[in-house]
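From first to last, the protein sequence lines stand for chains A and B. So that you can map any letter, position 90 of the first sequence is 90 in this note's numbering, and since no number is skipped, the others follow by simple counting. So that you can map any letter, position 73 of the second sequence is 73 in this note's numbering, and since no number is skipped, the others follow by simple counting.
Check each hint, because a few of them may be wrong.
[As the list claims (entries may be wrong)] Derived lysine-lysine pairs resembling PhoX-like cross-links, with alpha carbons at most 25 Å apart: (1) B:Lys67 - B:Lys2; (2) A:Lys56 - B:Lys6; (3) A:Lys115 - B:Lys6; (4) B:Lys22 - B:Lys6; (5) B:Lys39 - B:Lys2; (6) A:Lys41 - A:Lys56; (7) B:Lys67 - B:Lys39; (8) A:Lys115 - A:Lys56; (9) A:Lys13 - A:Lys41; (10) B:Lys39 - B:Lys22; (11) A:Lys56 - B:Lys43; (12) A:Lys67 - A:Lys115; (13) A:Lys122 - B:Lys67; (14) A:Lys122 - B:Lys6; (15) A:Lys122 - A:Lys41; (16) B:Lys67 - B:Lys6; (17) B:Lys43 - B:Lys22; (18) B:Lys6 - A:Lys114.
[What the hints assert, rightly or not] Here are some chain A residues pointing at chain B (derived, C-beta under 10 Å): (19) Arg107; (20) Phe108; (21) Glu111; (22) Lys115; (23) Ile119; (24) Trp120; (25) Gly128; (26) Trp131.
Simulated from the structure, these hints should not be mistaken for laboratory data. Every residue, glycine too, gets a C-beta built ideally from N, C-alpha and C.
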Amino acid sequence: MFRVTHQPIDLQKLVDYVTDPEAGAIVTFIGTTRNNNEGRKVIALDYDGYPEMAEKELARIGADATKNWPICRMAILHRLGPVQIGEASVVIAVSSAHRDAAFAASRFAIEEIKKTVPIWKKEVFEGGEVWVGTQTGQPLPDR
Amino acid sequence: MKIRVKFFAILRERAGTSVAIKELANGSTVADLWRELQKDYIKLDVPGIRLLYAVNQNYVSLDHVLKDQDEVVFIPPVSGG
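Based on the provided sequences and hints, a complete structural model is requested.
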């Protein structure tokens with residue numbers, strides 16, 4: 001399961017999805033939204049995404065992980081739209097016969113998501129906002 | 001030929017729209033399309049950022065030759081996770 005969603009993520013649903021009688025380990029990674037970045041107080045986060053391509057890239061990451069490690073099942077769900085501080089913006093769940101593969105595959109997946117999946121985060125600060133990674137947008141307030 | 005362009009994130013804000021349809025000469029590339037779009041949307045270029053390019057949901061290079069009805073997206077630096 002490689003999807004984007006506008007709804008809060010149900011962790012148990014992903015765990016259930018990757019549960020497999022062949023597996024001896026399930027690793028989950030939860031990326032959560034932080035209330036500060038580079039010394040500024042973050043009020044709100046808003047994710048934009050190119051849904052069709054984002055899901056295609058997530059599935060590609062899953063296929064690459066399956067080639068690289070002996071994993072049983074994998075699921076990735078990424079939020080789009082406004083995400084409250086402290087909520088999960090992305091959840092990765094991986095099962096494997098032995099724990100090393102699941103740990104490695106989940107680490108690989110989050111690093112790849114940050115490089116290739118067309119999803120963009122806007123951080124709204126007190127007095128400004130920025131599309132993370134573009135260093136433009138509305139001017140940021142002084143620290 | 002007709003090309004469908006979708007804008008996201010900072011480029012959507014700069015273009016002031018999510019979608020554009022462009023009529024281009026046969027043989028036009030992604031680079032040609034980007035040049036044409038900058039005439040329509042003068043604030044589209046964001047200095048100092050590196051764009052990637054997708055045609056029909058696959059990453060391509062700037063010299064990729066477009067076909068009629070292609071869907072093109074210019075991808076500013078991603079920041080998911």
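Now the hints, each set against the structure:
Only pairs whose Cα atoms come within 25 Å are accepted, and Lys67 of chain B paired with Lys2 of chain B is accepted, the gap being roughly 8 Å. Among the hinted pairs, Lys56 of chain A with Lys6 of chain B is consistent with the structure: their alpha-carbon atoms are about 17 Å apart, no more than 25 Å. Distance restraint check for Lys115 of chain A and Lys6 of chain B: the Cα-Cα separation of roughly 20 Å lies within the 25 Å cut-off, and the hinted pair is therefore satisfied. For the hint linking Lys22 of chain B to Lys6 of chain B, the alpha-carbon distance of about 11 Å falls within 25 Å, and the restraint holds.
For the suggested pair Lys39 of chain B and Lys2 of chain B, the alpha carbons sit about 17 Å apart, so the restraint of at most 25 Å is met. Only pairs whose Cα atoms come within 25 Å are accepted, and Lys41 of chain A paired with Lys56 of chain A is rejected, the gap being roughly 33 Å. Taking the CA atoms of Lys67 of chain B and Lys39 of chain B, the gap is about 21 Å. The hint holds against a cut of 25 Å. Of the pairs offered as hints, the one joining Lys115 of chain A and Lys56 of chain A holds, with about 14 Å between alpha carbons and a cut-off of 25 Å not exceeded.
Between Lys13 of chain A and Lys41 of chain A, the direct Cα distance comes to roughly 32 Å. Violation of the 25 Å bound is thereby established for this hinted pair. Taking the CA atoms of Lys39 of chain B and Lys22 of chain B, the gap is about 12 Å. The hint holds against a cut of 25 Å. A distance of roughly 30 Å separates the Cα atoms of Lys56 of chain A and Lys43 of chain B; the hinted pair therefore is violated under the 25 Å criterion. Distance check on the hinted pair: Lys67 of chain A and Lys115 of chain A sit about 19 Å apart at the alpha-carbon level, within 25 Å; holds.
Of the supplied pair hints, the one linking Lys122 of chain A and Lys67 of chain B is violated, its CA atoms being roughly 33 Å apart against a limit of 25 Å. A C-alpha spacing of about 18 Å is found between Lys122 of chain A and Lys6 of chain B, which places the hinted pair at or below 25 Å, so the restraint holds. For the suggested pair Lys122 of chain A and Lys41 of chain A, the alpha carbons sit about 13 Å apart, so the restraint of at most 25 Å is met. Taken as a hint, the Lys67 of chain B and Lys6 of chain B pair is honoured in the structure, with Cα atoms around 16 Å apart against an allowance of 25 Å.
Distance restraint check for Lys43 of chain B and Lys22 of chain B: the Cα-Cα separation of roughly 17 Å lies within the 25 Å cut-off, and the hinted pair is therefore satisfied. Between Lys6 of chain B and Lys114 of chain A the CA atoms are separated by roughly 21 Å; this keeps the pair inside 25 Å, and the hint holds. For the restraint placing Arg107 of chain A at the interface with chain B, the shortest Cβ-Cβ distance is roughly 12 Å, beyond the 10 Å limit, so the hint is violated. Among the interface hints, the one on Phe108 of chain A is violated; its C-beta lies about 13 Å from the nearest C-beta in chain B, farther than the 10 Å criterion.
Annotation: interface hint on Glu111 of chain A holds; nearest CB of chain B at approximately 9 Å, less than 10 Å. Interface restraint check for Lys115 of chain A: the shortest CB-CB distance to chain B comes to about 7 Å, inside 10 Å, so the restraint holds. Hint status for Ile119 of chain A relative to chain B: holds, with the closest Cβ pair at about 3 Å, below 10 Å. Proximity of Trp120 of chain A to chain B holds as hinted, the smallest CB-CB distance being about 4 Å (cut-off 10 Å).
Given hint, Gly128 of chain A at the interface with chain B, is violated; its Cβ is 14 Å from that chain's nearest Cβ, farther than 10 Å. About 4 Å separates the beta-carbon of Trp131 of chain A from the nearest beta-carbon of chain B, less than 10 Å, and the hint is met.
Consistency note: the structure conflicts with the earlier hints numbered 6, 9, 11, 13, 19, 20 and 25.
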